Amino acid sequence: MAEVATETRPPGAAAIALKRIAIVPAFNEQESVTHVIEEIRAFDPDFEVVVVDDGSTDGTAAAAARLGAHVVRLPFNLGIGGAVQTGFRYAFEHGFELAVRVDGDGQHDPAQLGLLLGPVVAGEADIVVGSRFASDGGYRSSRSRRVGISILAKTVSLLVRRRVTDPTSGFQALNRRAIALFAADYPHDYPEVEAALMVHKHELRMTEVPVHMRERSAGQSSIGALASVYYMVKVLLALFVGLFRKNVTPLEEAR
Amino acid sequence: MTPLTVSIVAAIASVVLILVVLELIRSRRLRERYALLWLLTGIVLLALSVWRSGLNTIAGWVGIETYPPAVLFAVGALFVLLVLLHYSTVISKLHDQNTVLAQRLALLEQQLRERA
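Just so you know, the sequences run in chain order A and B.
So the first sequence is numbered by this note's numbering: it starts at 1 and just counts up by one.
So the second sequence is numbered by this note's numbering: it starts at 256 and just counts up by one.
The following block holds chain B by itself, in its conformation from the complex (with noise of 0.2 angstroms):
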């Protein structure tokens, strides 16, 4: 069975999570676009620190019998992972925007230069 301190622990360190996220949001620092897969990570962790039982039975499934919180470590860094992985594709494509955009720019600055 897991302590109710982690339980409590894990569960507050998602709430903080939540809000930090909504707070980002709200001074428009982040998009909702990217906040998105953050906020679900914060409401499973969330969900499932509160839900012991739940966090047991997961736990069984796979196989981890002496320490049920482990499963709270592997989802939690398999969220990150995934987000890491959104990231990198999201960082490909403003790099291939911004390439546009030098070449654009450049173009447009050699146009105005022989018209001068």
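The shape of chain A in the complex, shown without the other chains (with noise of 0.2 angstroms):
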């Protein structure tokens, strides 16, 4: 297959040199992980792309390999902490410096992963997230879920000492620092939200940056209304506990 010619040089090709990798966890989204893994290229072509399929019924796999996307195949749906964790474990093991998330649903766009990279790259922050609420984007979604999202946001802040505005956002950036913590242990539902305070008991550096999110292009939502309210409840709890938890150890080196 031909490269497409482009006249203008994508946006993010050679301004780093640190040997990066997009994760892009993906659960029966054959339509929409084609363009997302596109969409990294166009943006940057040296990211190499890792799919991790979260046992996908449809040909979410097979889309991600004829675009020679490295692609890791669970035997069956571990969820977004599991499947996102493996991700990061495929980044650790391969020496990857520089990671970041975009989910395979197609709701983070690539162009932006710029404003992400930013401050990684420039040594400022160990984790950069991408925020719908940092700045009026004007994010839609339902009211129900912005009110969670908002209780999360405001214990999370409480928690970590610093406003945190989007803690759901799974749209991140990370430096190798980062990936060597989360491939050893990441949580379960609402990663992300547990990660903040991870994050901040092992005395990483933590940014938000304002990003707009699309709606997602095809599939659906993993998380229904009930859910939603459990989730809420355990991911509480979670943090609660998780502030009194010992720290676990990240992973060594290879010599």
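I should point out that these hints are in silico values taken from the structure, not numbers from a laboratory.
In this text, all values refer to a predicted model and were calculated from it rather than measured experimentally.
Just to be clear, a hint being listed does not mean it is correct.
[To be verified] Only pairs whose alpha carbons sit at most 35 angstroms apart, straight line, appear in this in silico DSBU-like list of lysine-lysine:
no.	chain 1	residue 1	chain 2	residue 2
1	A	Lys19	A	Lys201
2	A	Lys154	A	Lys234
3	A	Lys246	A	Lys234
4	A	Lys234	A	Lys201
5	B	Lys348	A	Lys246
6	B	Lys348	A	Lys234
7	B	Lys348	A	Lys201
8	A	Lys246	A	Lys154
9	A	Lys19	A	Lys246
[What the hints assert, rightly or not] Covered stretches of chain B (in silico footprint by chain A; criterion: 3 or more residues with CB under 8 angstroms from a CB of chain A, positions within the stretch not fixed):
no.	stretch
10	283-289
11	352-364
Think of the CB as a built atom: it goes at the ideal place given N, C-alpha and C, for glycine as much as any other residue.
Mind docking these for me? Both chains are given alone in their own frames, and the hints should help you get the complex.
In structure tokens form, the structure reads like this:
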């Protein structure tokens, strides 16, 4: 397949010399995962892409493999936390120095990766989170979901003693230190919320940058209404207990 | 009316249950997902132990006239049944996943052997 010729240089290309990877968790996203991979390459062709197929029953893995992405197929659905951690493990074991997470459903726009990468590349942050609410971006979503996120945001802000506006955002960039931590241990449901607390307890530097997120282009959200209430209680419990937890040891670098 | 001693002992037992569950989560021996039902059990039993008039009222509703603390037993037993049922579903899922894992591993090993 011939490369599409572009007059303009891809916006992220050659801006950085680090070995970098995009982790794309996908569960039954055969339509959108293709666009996501293409958009990541359009931003920066030197990004390697690993698609973590979380037990899909459609052609997600095949679609990703056709575009030359690394595909890790989980034998059954682990849920978003387990899938993303698989990606961090891959990144860690293959020596990547910089990782971004871009969800396979297309809600994260790879064209905005530059915003996330800035602070990590400059060495100002270990993890950068794209926030829908850090500016008046006008992110549209259901009222109940906004209320839920706002409760979590206030709780997390209180616990980490710093303002966090979008604790459920999975649109993130991480350096090797953060990759090593999450490869060792990553939470399960709404993992980003608990991960924010982990980051704080391990004294990693985390910042938010404002981004726009898109409507999901295909598939359906993995979280229903009743389940949200259950997850909310679960996550709040995990946050409060997490405060008193002993820290895990990040993965050691092989000599 | 529920004897005061019964209420106090039941309340202490509930608090101990809640604390043990919280400690198990903290030390990562119990996942939050499987702890919620236990915590709910502890909270409901604690509420019924402390709220003595409520326990009497509920006993009246279900036709227990002689010994209201029997409601505590009934509620406790009901929750234990729920937890057990929940675990049966969890074990079933683990069983299925274990089968898949064993099959994948065996297939991978076979592939590796053929390549060697």
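Original post:
When you check the alpha-carbon spacing of lysine 246/A and lysine 234/A, does it fall within 35 angstroms?
Top reply: 19 angstroms, holds
Subject >> Satisfaction of hint between lysine 201/A and lysine 234/A, Cα-Cα up to 35 angstroms >> reply: 20 angstroms, holds
Original post:
Within the assertion that chain A covers the stretch 283-289 of chain B, do at least three residues meet a Cβ-to-Cβ distance smaller than 8 angstroms?
Top reply: Our answer is that it holds, as 4 residues pass the Cβ test (under 8 angstroms) against chain A, meeting three.
Subject >> Verdict on chain A covering the stretch 352-364 of chain B, criterion of 3 CB contacts below 8 angstroms >> reply: Held - the stretch 352-364 of chain B has 4 residues with a Cβ nearer than 8 angstroms to chain A, which meets the minimum of three.
Original post:
Does lysine 348/B pair with lysine 246/A here, judged by a C-alpha cut-off of 35 angstroms?
Top reply: With a Cα-Cα distance of about 30 angstroms, the restraint between lysine 348/B and lysine 246/A holds, given a limit of 35 angstroms.
Original post:
Going straight from one Cα to the other, do lysine 246/A and lysine 154/A come out at no more than 35 angstroms?
Top reply: 23 angstroms, holds
Original post:
Holds or violated: lysine 19/A with lysine 246/A, Cα cutoff 35 angstroms?
Top reply: Measuring from Cα to Cα gives roughly 32 angstroms; hence the hint holds.
Original post:
Is it true that the CA of lysine 19/A sits at most 35 angstroms from the CA of lysine 201/A?
Top reply: 27 angstroms, holds
Subject >> Restraint check for lysine 348/B with lysine 201/A, where alpha carbons must lie at most 35 angstroms apart >> reply: 34 angstroms, holds
Original post:
When you check the alpha-carbon spacing of lysine 348/B and lysine 234/A, does it fall within 35 angstroms?
Top reply: Since the Cα atoms of lysine 348/B and lysine 234/A sit roughly 20 angstroms apart, the hinted pair holds (cutoff 35 angstroms).
Original post:
CA of lysine 154/A to CA of lysine 234/A, is that 35 angstroms or under?
Top reply: Cα-Cα ~16 angstroms, so holds.
In this structure, every one of the numbered hints holds.
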